[in-house]
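Here are the chains, one letter per residue:
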Amino acid sequence: FKYTQYKYLNQQCIILRAIFINNEWHSSVSGKKFPVFNPATEEKLCEVEEGDKEDVDKAVKAARQAFQIGSPWRTMDASERGRLINKLADLIERDRLLLATMEAMNGGKIFSNAYLMDLGGCIKTLRYCAGWADKIQGRTIPMDGNFFTYTRSEPVGVCGQIIPWNFPLLMFLWKIGPALSCGNTVVVKPAEQTPLTALHMGSLIKEAGFPPGVVNIVPGYGPTAGAAISSHMDVDKVAFTGSTEVGKLIKEAAGKSNLKRVSLELGGKSPCIVFADADLDNAVEFAHQGVFYHQGQCCIAASRLFVEESIYDEFVRRSVERAKKYVLGNPLTPGVSQGPQIDKEQYEKILDLIESGKKEGAKLECGGGPWGNKGYFIQPTVFSDVTDEMRIAKEEIFGPVQQIMKFKSLDDVIKRANNTFYGLSAGIFTNDIDKAITVSSALQSGTVWVNCYSVVSAQCPFGGFKMSGNGRELEFAWLVGNYGGSMISELNRIQIKKA
Amino acid sequence: MATTNGAVENGQPDRKAPALPRPVRNLEVQFTKIFINNEWNESKSGKKFATYNPSTLEKICEVEEGDKADVDKAVEAAQAAFQRGSPWRRLDAPSRGRLLQQLADLVERDRAILATLETMDTGKPFLHAFFIDLEGCIKTLRYFAGWADKIQGRTIPTDDNVVCFTRHEPIGVCGAITPWNFPLLMLVWKLAPALCCGNTVVLKPAEQTPLTALYLGSLIKEVGFPPGVVNIVPGFGPTVGAAISSHPQINKIAFTGSTEVGKLVKEAASHSNLKRVTLELGGKNPCIVCADADLSLAVECAHQGVFFNQGQCCTAASRVFVEEQVYDEFVRRSVEYAKKRPVGDPFDVRTEQGPQIDQKQFDKILDLIESGKKEGAKLECGGSALEDRGLFIKPTVFSEVTDTMRIAKEEIFGPVQPILKFKNIEEVIKRANSLEYGLTAAVFTKNLDKALKLASALESGTVWINCYNAIYAQAPFGGFKMSGNGRELAVLCLLQVTLPVSEKVGTGLFYLYVYSLIHWL
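Line order of the protein sequences matches chains W and U. Using the UniProt record's numbering, read the first sequence as starting at 1 and increasing by one per residue. Using the UniProt record's numbering, read the second sequence as starting at 1 and increasing by one per residue.
Everything labelled a hint here was simulated from the structure, so no lab data went into it. Computed from a predicted structure; not experimentally measured. The beta-carbon is built from N, C-alpha and C at its ideal position, and this holds for glycine as well. Take every hint as true, because none was put in to throw you off.
Simulated crosslink set (SDA-like; lysine to any residue; CA at most 25 Å straight-line):
hint, chain 1, residue 1, chain 2, residue 2
1, W, 135, U, 93
2, U, 430, W, 146
3, W, 466, U, 154
4, W, 124, U, 89
5, U, 221, W, 93
6, W, 87, U, 21
Covered stretches of chain W, as calculated for chain U (at least 3 residues, CB under 8 Å):
hint, stretch
7, 77-86
8, 126-132
Chain W with its partners taken away, still in its complex shape (with noise of 0.2 Å):
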């Protein structure tokens, strides 16, 4: 039950399709398994264990059973967990093919991002994150009278972590490597859609030579999986990267049961201004890959995109010649620029929203519908003159599909671009200094791009203001008693591009 074979261009792969708990491999309590697909062909690769509460139950039981004093991994050296971190990163590194492949075909991934990109991001963020194991660091406080007062950074304890779909094994490692680096155990659920890369990653905790209990991943779906994590009464922390829909209900949950500390990765409608006197050619290829990069599947997506005036007709133009070079098709056949959409649901969702972009009166300027007769394709779109009260303006589609708006002045485009429940990034182009310092600082955004746009690297905080999300993944610098802890004022991080 632990395992299946999957043969591919006559190689034959392993892939691991159970729960890990305590590095051992367990079959579901309730017996169940459920069916995971390929969305480029709909196809079924193989069929997963189904955790649900009891499984999670168990998952959290050893998770606190490896957290107690005591234990291996609470007695550890910090430098010895940072060894142990940089391991893994050597082991991602081994079976860095085959990672990629699972990656792209699972997850519908082109296979040149998914091995260049994803897995290279996995990498180094391992490597980031067992660098800080040992610098934690606390602070000996002179307060008023006669004490000897000092902090010292815990590890919180076990963390519930809820990966999404879209970055399948790079979310998975944005989120154990910081938990584990500060000490903590965790007990992990993938996607649904996506859970196989994940459990790879199992066999590899138990190479490396983590101690049993302090990684458990169990797969299974949002409502009892998520929701059993999400409440249960000894998980001390979860982090869930998703959406906002979601976001809420897990925040919820989390006040319900035991307070647990919350740090929420959400949706996104981030705004991309385009200023007259931006260099063009860069503003155009920058937006267009910030909103079709892995099929618009991005919580970064640019999804509106704000153009001055005076160069409207012409960024028009060059975005949709851009928009019509893709290649769509099988990501793992090479010369394919675009895959599939994640599932049926999706699909569905993306094509009713370029539906109301019709009716709402935008101009589609290309695309606008399904390809193909197998798999979840839909072809690049563009629509211009799209207006602030339009579905399109205003939800994320999370496909790809680009929005094009008008603006005249720059208080405008302020107000424009923040008038969003959403804050999680947002892009801005133009050569003048004063513009980019002052539309920056006004943004309400969680990482405003100057000249550039989704430049996520791993010594970087990341996360969103307003629903985009609470707390910062990838946040060390800014520790100051728990991992996820007391969070005192957002953080805005600008990054400009150098020429």
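The hints should help you fit chain U onto chain W, whose structure is shown.
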């Protein structure tokens, strides 16, 4: 996993015990030239100098002797490697960290070779070199590899409509002069933080012990550091050392050695170009044993604290203050320990003490021992050289030592333990603080109040409570007063190898603190 007592861990009962690491037999010394721009060069003057094995007194080999001209060449290479747009400057921070990580891997690969070379060159027991020196090197490299991409500046909300942020820039060409007591380890302590922050380096290893430094040069080349990032110039203090200290294109110098030479380095630095200076100098470190201490722990720690590395540690516990109620018992037990200490061939696994480093040190130690006898201290054991055995000195214990004796004031740097008596805490604090040194101190007591009081009162860069020589890459290390300027290791030393640059407002950071380590039993 080898253990020093050969005990079986996790194995089948009938399996053999894990073997101790073995030195490399008939090791040939491959690297004896000056290392500049990843190439091996002969000295400009053509001169060479010999390096000796202090256990056998035989010459190991000859090494190219650098002088000012070679230092100039090295600095030129280091400057070129530091130019804006150079491969080293353009390398992103995580990649710098990766190179340090890989250097640690290579040091681990060649651990036995390096430990053998270190033992040949210094006379320290091979197992100490393998398990302590080399372990420290590997861990320090890995620690700083992790910092490379985490050196963050800040944004600052100043008055007026101004954007202000700080960045930490590498200083530039850093000079480092390292000692002979922990040649490779002290080199790594200097090299790792400097490279971590993106500097380039010109190093001078001690003339008594250049071999492991030069071997490390070969590993630096193998790992792939760009040429000119690390340059190693063996030679003597008055020539190479002085050239580095007063070089106008070196922006920072780090020196570990005697207080006497430290003063010369700082003078030369000021005289030339006000280069930044960090110094790790001598110590005459007090070890305070209270009546309520765990006596066996105190005796053992004090013993290792003064005798480790043949007494050649800046942290040597060379003034042991014992509260009068437990004084006689403490002395008795310490003498027992000292008499049992095995002195001999550093390649013999049973040896705990090898020879002193050279004739000069040997003579100085014997001179101080004689002064002890003359000035009225009671010689409990040892007190002379091991008959006709070269540079070996018997582990020596003096009791009834008083503060005015030379052995209570001057750094001995040999296997000599002076034990003094005290009556109360206030008195011992005054006496412990009375010297110009202030590197480390140790306190043995079970009483929490005493521990905290002494930790704050002692003018000492590090205070150990119920432990000794607990030194880790993660914790800052350095001295008060004339034991040094600045701190090595930990993040604080990174402030010494970077320049905080602020775009609008200048920020100044000044640290003066004591660091205490409490060993939780």
